[in-house]
Amino acid sequence: MNFKLKIWRQTNAQTPGKLVDYDVRDISPHTSFLEMLDILNEQLLGRGEEPIAFDSDCREGICGTCALTVNGEAHGPDHPGAVCELYMRKFRDGATITIEPFRVGAFPIVKDLVIDRSPLDRIVQAGGFISARAGSAPEANSILIPKHDADLAMEAAACIGCGACAAACPNGSAMLFTAAKVSHLSLLPQGYPERESRVLKMVRVMDAEGFGNCTNTYECEAVCPAEISASFIAKLNREYARARLRKSAGE
Amino acid sequence: MIGTLDPKIPPGPLAQKWRSHRDHSRLVSPNNRRKFDIIVVGSGLAGGSAAATLGELGYRVKCFCFQDSARRAHSIAAQGGINAAKNYQNDGDSVYRLFHDTIKGGDFRSREANVYRLAEISNNIIDQCVAQGVPFAREYGGLLANRSFGGAQVSRTFYARGQTGQQLLLGCYQALCRQIARDTVRMFPQTEMLDLVIVDGQAKGIITRSLCSGKIDRHAADAVVLATGGYGNVFYLSTNARGCNVTATYRAYKRGALFANPAFTQIHPTCIPVSGEHQSKLTLMSESLRNDGRVWVPKRKEDRDKPPGEIPEQERDYYLERKYPSYGNLAPRDISSRAAKEVCDEGRGVGPGGRGVYLDFADAIKRLGEDTIRERYGNLFEVYEKITGENAYKVPMRIYPAVHYTMGGLWVDYDLMSNVPGLFVIGEANFSDHGANRLGASALMQGLADGYFILPNTLPNYLASQMGKRPSPDFPEFENAENEVRARIERLLTVNGTRSLDSFHRELGVLLWDQCGMSRHEKGLRESLQKIPELREQFWRDVRVLGSDEDFNQSLERAGRVADFLEFAELMCMDALERDESAGAHFREEHQTADGEALRDDEHHAAVFAWEFQGNGQPPKLHREPLRFETVHLTQRSYK
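Sequence order for the protein chains is A and B. Sequential numbering of the first sequence, starting at 1, is according to my numbering. Sequential numbering of the second sequence, starting at 1, is according to my numbering.
Keep in mind that the hints were calculated from the coordinates and are not lab data. Check before you lean on any hint, since a few could be wrong.
[Unchecked claim] Distance condition first, Cα-Cα at most 27 Å in a straight line; then the derived DSSO-like pairs of lysine-lysine:
no., chain 1, residue 1, chain 2, residue 2
1, B, K386, B, K254
2, A, K235, A, K201
3, B, K299, B, K62
4, A, K4, B, K386
5, B, K62, B, K366
6, B, K366, A, K90
7, A, K201, B, K62
8, A, K90, B, K386
9, B, K299, A, K6
10, B, K394, B, K306
11, B, K306, B, K366
12, B, K254, B, K531
13, A, K147, A, K235
14, B, K35, B, K17
15, A, K147, B, K306
16, B, K299, B, K215
[Claimed, not checked] Here are the in silico distance ranges between beta carbons for each label pair:
no., chain 1, residue 1, chain 2, residue 2, range
17, A, R133, B, L546, 46 to 52 Å
18, A, K147, B, G547, 49 to 55 Å
19, A, P138, B, V274, 26 to 32 Å
20, B, T4, A, P108, 40 to 46 Å
[Stated by the list, open to error] Listed below are several chain B residues computed to face chain A (Cβ distance under 8 Å; list not exhaustive):
no., residue
21, D68
22, R72
23, A77
24, V130
25, L144
26, R147
27, Q174
28, T184
29, R186
30, F188
31, G309
32, V383
33, Q530
34, Q538
In this text, a Cβ means the ideal position worked out from N, Cα and C, and glycines have one as well.
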């Protein structure tokens, strides 16, 4: 298969970038999207041009490292799945494909297609954990958790932290990311003691990092490789309101 | 020079060793802990849990990872589960049985005392992870659920769908985040360790390079912990993430740390077969699938191109069930992998190139219904469909073995300290617990045992004598190490040859897979030992690395890793040649039983092989640590 590629090239955060045209030829339909970029990079190297910088690691959709906008869609057209799970058989032969980084105000571009997603780490650092000292844990089966609750917590916990939700959102909001962590931990009895302080701190940092707010467009849910449901955003809002109310009531 | 290798196994009965060792180890008092700086390299299950726990105890920790976030370490990709001897199923499990299964699974090439401790601690890990909010699978009554894994006749594996590694890693990442917020841990993402600094014979710091800015830095500390994972990517194609590499442990080896059993590399039986030459990695299909999937190939090779549905039951060879009736499809990994290779070598393999076997769920779907199978393995079936375009609910999966895990690693004693005082090695990066073959769901267990429970108890034993001995990063040892790192980068950037990194790495991978993969023999290994130095020489003459060192330069970061693989591969083949027996995953064709099973030579080789670097171009020196078995009896492993 042959493709015309338009790829975002940018030296660093300070320099403006632009789309550059490339051609790739004789690509097997069984090639993954990132392998197609590997092939292009080999060709660039052969011509003495600097390869295109893009991030990836596990290449099986779980580490959340890869982050490309393909033809305007975060992670490309094959949902649900990260762009490393996208295969060229999903494209038409001869197609033109535009490849850009995730476009989020809070994620500065490092180089070409690589972005800085450290704001997501800082949201978790604000309170996205259960304080459980190693050595102090009670016997595991002494905490009974209804299967339904455990399953729902797992659905939220499946988030891979890629940031596609923020990239797809017209407001650049990281609400789905934050909601997934808040929901995972507040659905479990182990998470109750820090339930209120957690949601208040995480939302405060989320706002401070420059992410926008949710206006219910559900673009996040549509592109999420881990199929995190937007209903968790409603849960986040409830958790937040509950925490604010209890705080203002002095409880 | 190193005298005899002393693993420092505590005296006393096996079941009391760990307790009595803790009772007699030296401690660091709470108000003194903040005076110690600890470097942890790696943020996976072992490094992340160690950094979080040491921070929680009050030490000042610096944690480094090459990924852009600690949460992306490759532990995240582990699918199936984590073992523990809880005996929640009342099916006869115990600490002793988990210990015994692990020793036997490793083909009697690991230390009894270490493995027993691991089995003991397994139960604490589950408690700890549940307390952190890891959403393990549960039964309707709210209790924890279990599944079965290879090499065991009990159900002792805890799991979170097919994403157990992810959930355990996020638990430990969150614990790490808590410490980062408390300022006990400083996190350095996208920072790669390029050398170990030794001052007065002790590990006291590292040299790092920022992958974003190219900046080289010196970090001094009171102790260095390496948790940098395995070296499976030496084969180029493996189930490891693209970034996984041997650099940290290999650099430590070149500074005097012993590398143990490098030839023990695990080939996982259930991966998606290779589809083309541009493939960049192989994808694992969790071993848990073998709970319900049946492995087969056609009995006659003429049938191998027929659609599987057209091959009647009596024309199929369920070879694992036939050869190993008591374990069946749950035979251990090394045995299952070799059995797959054997039937493919006979010409009965299926799919393109004849390098595949079927993993068939038709019977399980008939018995349990498609919904149950979907609930158990749904995400794995989706991954399979994405990669192959095939629906495994309708047609059997095709699988083939692939490089997955490395049992070898830096040599450590019972305290997880290497022969270099102050250098601790945990998780997959050390060699300690899995012998010649790791059982499924035991890597997560070992990583977390090391990080949450063992290292935090053994590190003070070293630190107690080190108060006030931390060197300044201005010491000449740091300057020299930094200069060497800079010179090497300069050299990589100035070769300016014609060949790409990938072309060298691929060539090395093919060579190793053929000669030092699922089976090995003397002639092939000797040939490889000729070819690898030639390839390395060609690399330094003809590799092309573009860009600059003061920049985000992915080619440069990979160049250093490939260069290290090209040296390390030689050590691996040397070890494989020296170990003149078959043991677990190390299968020497010269040493097999009449029915093709691995044949050990306990008289001569019941030992850890630990290699000492002797200088570039010099053969390394071999040290042997004899393995003593006081509790288990050495037997020919049988899963029949």
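Hint by hint, here is what the structure shows:
no. : hint                           : in the structure
1   : B:K386 with B:K254             : violated (42 Å)
2   : A:K235 with A:K201             : holds (16 Å)
3   : B:K299 with B:K62              : violated (57 Å)
4   : A:K4 with B:K386               : holds (23 Å)
5   : B:K62 with B:K366              : violated (53 Å)
6   : B:K366 with A:K90              : violated (32 Å)
7   : A:K201 with B:K62              : holds (25 Å)
8   : A:K90 with B:K386              : holds (10 Å)
9   : B:K299 with A:K6               : violated (51 Å)
10  : B:K394 with B:K306             : holds (16 Å)
11  : B:K306 with B:K366             : holds (23 Å)
12  : B:K254 with B:K531             : holds (22 Å)
13  : A:K147 with A:K235             : holds (19 Å)
14  : B:K35 with B:K17               : violated (30 Å)
15  : A:K147 with B:K306             : violated (43 Å)
16  : B:K299 with B:K215             : violated (60 Å)
17  : A:R133 with B:L546: 46 to 52 Å : holds (49 Å)
18  : A:K147 with B:G547: 49 to 55 Å : holds (52 Å)
19  : A:P138 with B:V274: 26 to 32 Å : violated (47 Å)
20  : B:T4 with A:P108: 40 to 46 Å   : violated (55 Å)
21  : D68                            : holds (6 Å)
22  : R72                            : holds (4 Å)
23  : A77                            : holds (5 Å)
24  : V130                           : holds (4 Å)
25  : L144                           : holds (6 Å)
26  : R147                           : violated (15 Å)
27  : Q174                           : holds (4 Å)
28  : T184                           : violated (12 Å)
29  : R186                           : violated (12 Å)
30  : F188                           : violated (12 Å)
31  : G309                           : violated (23 Å)
32  : V383                           : holds (7 Å)
33  : Q530                           : violated (28 Å)
34  : Q538                           : violated (17 Å)
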